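In the numbering used here, the protein residues as written are 25 to 82.
Honestly, the hints are just simulated from the structure, not real lab data. In this text the structure is predicted, and so the values were computed from the model without any measurement. Idealized CB from N, CA, C, for every residue including glycine. Accuracy of the hints is not assured; some may be wrong.
What the hints assert, rightly or not - Okay, derived cross-link-like pairs now, DSS-like style, lysine-lysine, Cα gap no bigger than 30 Å in a straight line:
| # | residue 1 | residue 2 |
| --- | --- | --- |
| 1 | LYS41 | LYS54 |
| 2 | LYS67 | LYS54 |
| 3 | LYS54 | LYS43 |
Claimed, not checked - Have a look at the derived ranges for each label pair, beta carbon to beta carbon:
| # | residue 1 | residue 2 | range |
| --- | --- | --- | --- |
| 4 | ASP36 | ALA64 | 35 to 41 Å |
| 5 | GLY30 | LYS67 | 45 to 51 Å |
| 6 | VAL29 | LEU74 | 23 to 29 Å |
| 7 | ALA77 | ASP26 | 34 to 40 Å |
| 8 | ALA40 | LYS61 | 23 to 29 Å |
| 9 | ASP26 | LYS61 | 36 to 42 Å |
| 10 | PHE27 | ASP52 | 43 to 49 Å |
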Amino acid sequence: MDFIVGFEIEVDRMEAKFKLSQNRPETDRKNTVVNLKNAADDKAQGMANLIDANEPMI
25 MDFIVGFEIE VDRMEAKFKL SQNRPETDRK NTVVNLKNAA DDKAQGMANL IDANEPMI
């Protein structure tokens, strides 16, 4: 195992994309929102609200 080396790295900044189905057709987004809102999970309903709030401007 001479070729495997463990290491740690400190993260001081992170860049990310906020993807909420903006690239999907409107019908797909609406179906996703409906299914998430019907879920019993609070996190799923929160995600549905985020998708609704970030609807792409066309």
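So, going through the hints one by one against the coordinates:
Only pairs whose Cα atoms come within 30 Å are accepted, and LYS41 paired with LYS54 is accepted, the gap being roughly 21 Å. Using a Cα cut-off of 30 Å, the hinted pair LYS67 and LYS54 holds, with the two alpha carbons roughly 17 Å apart. Of the pairs offered as hints, the one joining LYS54 and LYS43 holds, with about 15 Å between alpha carbons and a cut-off of 30 Å not exceeded. With their beta carbons about 38 Å apart, ASP36 and ALA64 fall inside the hinted range of 35 to 41 Å.
Checked against the hint of 45 to 51 Å, the pair GLY30 and LYS67 fails, with Cβ atoms roughly 33 Å apart. A beta carbon spacing of about 40 Å between VAL29 and LEU74 contradicts the range 23 to 29 Å that was offered as a hint. Between ALA77 and ASP26, the C-beta spacing of about 52 Å breaks the proposed range 34 to 40 Å. Taking the beta carbon of each, ALA40 and LYS61 are about 25 Å apart, inside 23 to 29 Å as hinted.
In this structure the hint that ASP26 and LYS61 lie 36 to 42 Å apart at CB is violated, the actual value being about 54 Å. The supplied range of 43 to 49 Å is met by PHE27 and ASP52, whose beta-carbon atoms lie about 45 Å from each other.
The structure does not agree with the numbered hints 5, 6, 7 and 9 stated previously, though it agrees with the rest.
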